[in-house]
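Student: Join these two chains into a complex; the hints should help.
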Amino acid sequence: MTLDANHLEYPHRRRGMDHRRYEFSMLGNRHPVVWPGGAGVALWVNLAVQFFPLDQRGKPFAPPGGMSTPYPDLRHFSLREYGNRVGIVRCLEALDAFGIRPTFAVNAALAERCPGLLDRLIGRGDEILASSWHMDTLHHGELALAEERAVVEKTLATLRERTGQAVAGWVSPARSQSLHTPDLLAAQGVRYMGDWINDELPYAFRTDAGELVALPLSLELDDQFLIGANLHSEWEYAAQIIDACDFLASEAAKTGHGRLLALSVHPWLMGQPHRVAAFESVLEHLAGCGSIWSASASEIVTAWRGQAI
Amino acid sequence: MREDLELYRYRPWDERLPIRWPGGARLAFWVAPNIEFYELDPPVNPSRRAWPRPIPDVQGYATRDYGNRVGMERMMAVLDKYGVRGSVSLSAAVCDHHPEIIELGVERGWEFFSHGIYNTRYAYGMDEAQERAMVEDSMAAILKHTGEPCAGYLAPALTHTERTLDLFAEAGGIYTCDLFHDDQPTPVRVRSGRRFVSVPYSLELNDTIAYVVNRVEPRRYGEMIKQAFDRLHREGEAGGTVMCVPLHPYQVAHPHRLRAFEEALAYVTEHEGVWLATGREIAEHYLEHYYDLDLGRAGAQGGGAEAAPGAAT
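If you're matching them up, the sequences are chains A and B in order.
Residue numbers 7 to 315, in the working numbering, belong to the letters of the first sequence in order.
Residue numbers 12 to 324, in the working numbering, belong to the letters of the second sequence in order.
Chain B extracted, bound-state conformation (with noise of 0.2 angstroms):
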């Protein structure tokens, strides 16, 4: 183990890019739904248990594949009203096990990046080479599904290890969804030299961690999305901002849920000045304009070896 796996500089945020976004934007706005199989009975990982209870946890599984079967054309329905492409969070299993999900997603020009096979296989524990295979058959199967190479990461039930994200940008991504460090892009530096970005994502707005970790009622997840949105607008003048909001179908589209997100959005999507985008297209954005700009800030404070994001190749 490591103290720091030093993926990227330390940069405050009153130092942050004066990025604008397309359009002359201040905030790019993006939606992640996370599209997820669960397995009833998957191989017991040494590092974590799948269920808490005995196979069959059928309130566990249940729980999850509600998503599935009828949160997913609910949740659908409420993106393509207010003009929101989602970015799935995707396990590639589902490509085999729904693919009618998947050609939703399609037909909607949604993009899906990589969220493992299943989110019951957690990466704890792999070498190197099993690593890698997972990676590339996400990958692989996203490919072949969709018709769009995977450009993002998220690690299944974010389980990582020290070499995720050299593997995944080996494997020709250009982003990762894994890291909470800023809610602006930043360079993450990978043992090939890549051009690698982290895309903020979010846990404080993630819908798992709002209703079964902070375990908040409806309506007041949607207030907490108008606040992040109004500050993140408000700071995106000065250097323009991210805000993600990742969701689960099997969270946010129950009936007692929806409204209260739709809300949320219609407040969002209401403003000038926000950019409407996918995760691949901030990453690509951010790797055009500003990416060498952040390294090049780096190397001028005399980063040294802490300007090596790019720098190997």
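So here's chain A without its partners, still in its complex pose (with noise of 0.2 angstroms):
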């Protein structure tokens, strides 16, 4: 047997990167950044509230949490809506039982299909930032670009006209991008997004529209991925965060740099009754230490911008 040559060619074998995208970079080379307040840790609370089709097409893949049992997969399909009804209720008493301001990655699809939740959420006037028009418009490389550009176009429109904000975030479901997706959303006004989960700071990430920030978040701190995934406990999930936390705001002391703690959460998994202590005792953990910032992602993104060179 014997590979094709192209097996042992190595076109992109060179200094940096092996694409276009953004500069390599270490953490401990960066430009130092100091949070508001001198703190040493940002906290994004990303909040997913998402709508998962009962008719899934699920191509490429099924997303993540989507529906995995045959037509018509209620069991799933309602336990998701759970989330949109009782789970983000009790997710926000609690942040807000511990001054803790989320951001929420919205499927645009909701504004239409559950105004009252829309409702709820432009009322606090938390930020709200564009995750794709539901959990099955997925972006991924084998996706038509004109498919892609209307997906991203009817998204911003819907949010930005509904809520009145700028709607300046972009996070796709399951952190899937095409090629083009970074180019679609800059073209479309995006000034950050957090698929790319390859650090822990914001860093410049190039365009065909120009330059966006890339703010990554989490996959590993994702309570999805830890309890869904990974099958850990709520309490394992709450001292992965807990020490995550610790962990950051002791570097930040040490070296003197800023720190970034971005987490993903969903209500229809943290909301649940048996999980949801557990969360509450990571928010008391991080509103208490002490070394927290607790901002939209937004205003991180800002308070980068307003740093980095």
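In case anyone wonders, no lab produced these hints; they're calculated from the structure.
Backbone N, C-alpha and C fix where the C-beta goes; we use that ideal spot for every residue, glycine too.
Careful: at least some of the hints might be erroneous.
[Claimed, not checked] Quick partial rundown of chain A residues pointing at chain B, CB under 7 angstroms, derived from the structure:
# : residue
1 : M7
2 : G34
3 : H37
4 : V39
5 : F83
6 : Q171
7 : R181
8 : N204
Tutor: Dropping the structure here:
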């Protein structure tokens, strides 16, 4: 057996990355960032406000948390809707009790499907960022450019009109992108995106329509990853988030460089009655540790932008 | 395909060699950071796709890139703190992409050994000339960028052919991390008859296996390392043992995980009778003092062809 000759050819084997999107940069070499009030750790709590359609296409893969039994998969459909009815109320009560501000990553389909939910989110005044149309409008490498552009435009137009906010942020379903996604987002006025989880600070990301800011929304600290995929208990989840907070606060104190703790939280998962107490214990620790700046995603981007070289 | 590549003879654990490591140590402890580069859009090997999602698999790619951007310096700082030198399983293309990482390792006196060119290029389907070219390319890059010859091998993404170890030994390598059959070094039979050994690596304590495959939580990972150490340290009294912790900066160095590893490393290094070594040092000590004894035992058992490693030279 022999492989084609291109398996021993390395066209991108040179200094830096094997693509044009960003420069390689090690964390220790960054320009120091200082958060407002001298806090060591900027905290972005991203609540995922999601709609999983019952008639899921699942192409080219089923979105995590999506339908997984034959149609009609009412168990998963309704369990995800639980998050928008019950779980989010519990999560918001917990956040408010500890004075921690969420940012909402919203599937735009909910603007039509669930106006009461949108009214509640808008009424709070917290930032809303776009998370595509719904969880089954995946952005991926086999998606036609025109189709993807239409989804991006419809999503942003719907959310901007409905919320009156700039809607400057984006998190893709399953953090999945095509080769064009960053270009389409920048062309539509998006300032930052959370999908590229290769860092723990914001960084500059090139597009055909100008620069975006990558604001990595950690997967490793995502409740759906730790509890849903890894099957860790809610208290093991809490221990890991608390350990992460303490580690980052300690690193910030040692180096004098601000750090970012980005928590992706799913109300359909964390808002379950047997889990929310663990979430509350995390929030209590974060609020009491003395190192946290609780901010919206846009505020973090803006603070970083003002200092980045 | 063959039922068994017959790379080593059978030797039960209660017949292990009476190894003593330098300084009279009973356990040789080494840490093998995997410093890797995964390509965004590699050629597709017919036997294995690099990424589960269509290109670009942002989640998979960015997860690995995190190790080089964020995890690397944290992992290095913890190893520095406990006086442990890394033995780096290196995607040789990192020499080209990120020479600053190589410099950080060189200035620490770390060892670099071959882990192929990219961890998205697999040996499956390579003919002999192709695999030899890949192996020699990786070894030449290590010599050029670190100033030290490459002594060890861990196949890229653990992808092998029947010839992999033969080719690496012929290219001048002395040890492999690809075999998991023992907690002591053993001779490995290669077709050239060269003196070539297996140095125990570990799948079970590999952070990626623990975190990605077995999905353990970080504090338990720390406990696993301590428990493995306790047993191997005790058993080393009757015959020196090897303990390896293979790392990936994109796994172990996350803020929710690194402290558990650090606590385990503190535990290991506070004990007596522990030799903090590199893979090459373990291989060389074994080759100098025990390799022939091991072969002789095999011969005394009437191993015949079984005793072949080294005999054909």
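Student: None of the hints should be skipped; say for each whether it holds.
Tutor: Here's how the hints hold up against the structure:
no.: 1; hint: M7; result: holds, 5 angstroms
no.: 2; hint: G34; result: holds, 5 angstroms
no.: 3; hint: H37; result: violated, 15 angstroms
no.: 4; hint: V39; result: violated, 14 angstroms
no.: 5; hint: F83; result: violated, 24 angstroms
no.: 6; hint: Q171; result: violated, 26 angstroms
no.: 7; hint: R181; result: holds, 5 angstroms
no.: 8; hint: N204; result: holds, 4 angstroms
Consistency with the previously given hints fails for numbers 3, 4, 5 and 6, ordered from lowest to highest.
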